[in-house]
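Colleague: As a plain string of letters, each chain reads:
Number of protein chains: 2
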Amino acid sequence: MLKCLETRNFPLSELKLLASKRSAGKTMRFRGKDGPVAELTAESFAGVDIALFSAGGSVSREFAPAVKAAGAVMVDNSSAFRMDADVPLVVPEINPGEAKKHKGIIANPNCSTIIAAVPLWPLHRKHRIVRLIASTYQAASGAGWAAMEELKQATRAALDGKPFQQEIIPHPYAFNLFSHNSKVDLATLYNEEETKLMKETRKIFGDTELRISATCVRVPVLRAHSEALTIEFERPVSPEEVTAILSDAPGVKIVDDPARNYFPMPLDASEQDDVLVGRIRTDVSDPSGRTIAMFVAGDQLLKGAALNAVQIAELLV
Amino acid sequence: MLKCLETRNFPLSELKLLASKRSAGKTMRFRGKDGPVAELTAESFAGVDIALFSAGGSVSREFAPAVKAAGAVMVDNSSAFRMDADVPLVVPEINPGEAKKHKGIIANPNCSTIIAAVPLWPLHRKHRIVRLIASTYQAASGAGWAAMEELKQATRAALDGKPFQQEIIPHPYAFNLFSHNSKVDLATLYNEEETKLMKETRKIFGDTELRISATCVRVPVLRAHSEALTIEFERPVSPEEVTAILSDAPGVKIVDDPARNYFPMPLDASEQDDVLVGRIRTDVSDPSGRTIAMFVAGDQLLKGAALNAVQIAELLV
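Protein sequence lines, in the order shown, are assigned to chains A and B.
Quick note: the first sequence uses my numbering, first residue 1, plus one each step.
Quick note: the second sequence uses my numbering, first residue 1, plus one each step.
Isolated chain A (complex conformation):
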């Protein structure tokens, strides 16, 4: 987040760094100066205009009243308020106008949701998507910095033929993959990550009719999520038209070179603001010509989290 604020030259007169008691007293570098990290308390928000939260749902819930009471606006990366009717869920390339309707909180969507939504929106606007099937290939970064470190350590142990006890990720992670480690709803049999992608996309698009099914899988990639998307439109749409629409779309970069077999890869998407899109083709299993298949990759930490939050803050300035 600090890097995004720096890179985008965010107009701020003062930056307050707030964290739990455990981290208070540390310093963090911003614009060439070391700033002290203070303990987050209900009194932290006096004089604050925008409070960027990225400490999990319970912290967001605990401090939302204090943020509002101080007249600040919370931009919240957690899932705490995303589906609340009076909380806008904003992707600036898609629904920037929603940000203005806030009542003290603006929610930042789930990372795999944002990465799919950015390229889907301009297609939806032009040709209306009626159904989406998403299979994700999600990186360790989605489970936090500690999970990324654990993937590295588990992998080194596997290469050395040594045992390794994982503590963050509940399944063996070295050279392995597994269904996303969020709770599975025993009624629908979809997990929380999938449910977020399904519900949040409908809310961001303002389209309750859009039918979505997702399969979310964690793969042994460090950073950047990939997704195989099957997109059914209201009417036939050609791959050429999809490419033309996405070539002009904000936040999207076409990486689609069948002759060289070069398509979106998480390594290429890492540390990039844009969502990479490729493998754009007509789904041959739908003879009506209304279905397009494509593959996307986006930086989970940037557009999937910090960058989108800072872009929301920019809408407030």
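Derived by calculation from the structure, the hints in this document are not laboratory data.
Glycine is no exception: its CB is placed at the ideal position from the N, C-alpha and C atoms.
27 Å max Cα-Cα, derived DSSO-like pairs, lysine-lysine:
hint: 1; chain 1: B; residue 1: K152; chain 2: B; residue 2: K162
hint: 2; chain 1: A; residue 1: K162; chain 2: B; residue 2: K152
hint: 3; chain 1: A; residue 1: K152; chain 2: B; residue 2: K152
hint: 4; chain 1: B; residue 1: K16; chain 2: B; residue 2: K100
hint: 5; chain 1: A; residue 1: K26; chain 2: A; residue 2: K3
hint: 6; chain 1: B; residue 1: K3; chain 2: A; residue 2: K162
hint: 7; chain 1: A; residue 1: K162; chain 2: B; residue 2: K162
hint: 8; chain 1: B; residue 1: K68; chain 2: B; residue 2: K103
hint: 9; chain 1: B; residue 1: K68; chain 2: B; residue 2: K21
hint: 10; chain 1: A; residue 1: K16; chain 2: A; residue 2: K101
hint: 11; chain 1: B; residue 1: K162; chain 2: A; residue 2: K152
hint: 12; chain 1: B; residue 1: K101; chain 2: B; residue 2: K16
hint: 13; chain 1: A; residue 1: K162; chain 2: A; residue 2: K152
hint: 14; chain 1: B; residue 1: K16; chain 2: B; residue 2: K26
hint: 15; chain 1: B; residue 1: K199; chain 2: B; residue 2: K100
hint: 16; chain 1: B; residue 1: K3; chain 2: B; residue 2: K26
hint: 17; chain 1: A; residue 1: K253; chain 2: B; residue 2: K183
hint: 18; chain 1: A; residue 1: K3; chain 2: B; residue 2: K162
hint: 19; chain 1: A; residue 1: K100; chain 2: A; residue 2: K16
hint: 20; chain 1: A; residue 1: K21; chain 2: A; residue 2: K33
hint: 21; chain 1: B; residue 1: K26; chain 2: B; residue 2: K152
Just a sample of chain A residues kept apart from chain B, beta carbon distances all over 12 Å, derived:
hint: 22; residue: K3
hint: 23; residue: T7
hint: 24; residue: K16
hint: 25; residue: L17
hint: 26; residue: G35
hint: 27; residue: V37
hint: 28; residue: A38
hint: 29; residue: E43
hint: 30; residue: R61
hint: 31; residue: E98
hint: 32; residue: K100
hint: 33; residue: R128
hint: 34; residue: Q272
Beta-carbon label-pair distances, calculated as ranges:
hint: 35; chain 1: A; residue 1: D86; chain 2: B; residue 2: L159; range: 38 to 48 Å
hint: 36; chain 1: B; residue 1: N261; chain 2: A; residue 2: S58; range: 15 to 25 Å
hint: 37; chain 1: B; residue 1: N261; chain 2: A; residue 2: R128; range: 33 to 43 Å
hint: 38; chain 1: A; residue 1: Q166; chain 2: B; residue 2: L316; range: 40 to 50 Å
Based on these hints, arrange chain B on the given structure of chain A.
Modeller: Only chain B this time, still in chain A's reference frame:
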């Protein structure tokens, strides 16, 4: 293959080990004895009943006439003859009767095709699948032993922060994934691996109407392929019924524990004969109730290759 012949106690009186000139003179252990590897020539097949081929399409094409002339049957793991009209393409759990129709060659299907086909067949038989959408998560083993070694070396170099020049796999592979590295058809925009899955499944099932779309992706897993399958049936089918059918299906093991978040993983599928199936649920994006989503993992080297070939040989005995 030797391990499969041993484990399954394949009834053979003599085993000839054949390879290229480069490997001739080596020995390989089988049933506790070291056997010499001889150079493969057109004269190798005198007195041979079954010739298991796994050396690539060009070798299979070159020696098929010699195998036939000697009165032997070729069981071919390459893609050389799979789509030939007079060559049976056999998965013993699905179409064992086809094996008997051979004219000297029986083809062993593509690995990701077999792994999806084994659990799909009993469902197709009972409720007829009309459409399949597959997103794969394929292991390094599909590109051979050298690719598995390269993944390990590239990953160690990445962990050590050292540069590494890949020679087998054309994209960075450490903590990365990429669209399957087979040639992309510039007309359909599907790659060869996807086209195999689509065409071979229809041939194995004997159903030219079955509509299939696949997205094949190589992930940094050493062994065992996984696939997210979206299966549209002719009529509504419940997850309970799918589970009941697959519980009795040969070559399938249900691993579907939503409460513990435990589902098929390539590490669990490795060195297992069965294809693991889980995440069986109704696809909520199809309100007709005719679509089921599920996730499978199967050993690419066993059921996806050697085991299936040995099972075909068993049909010939």
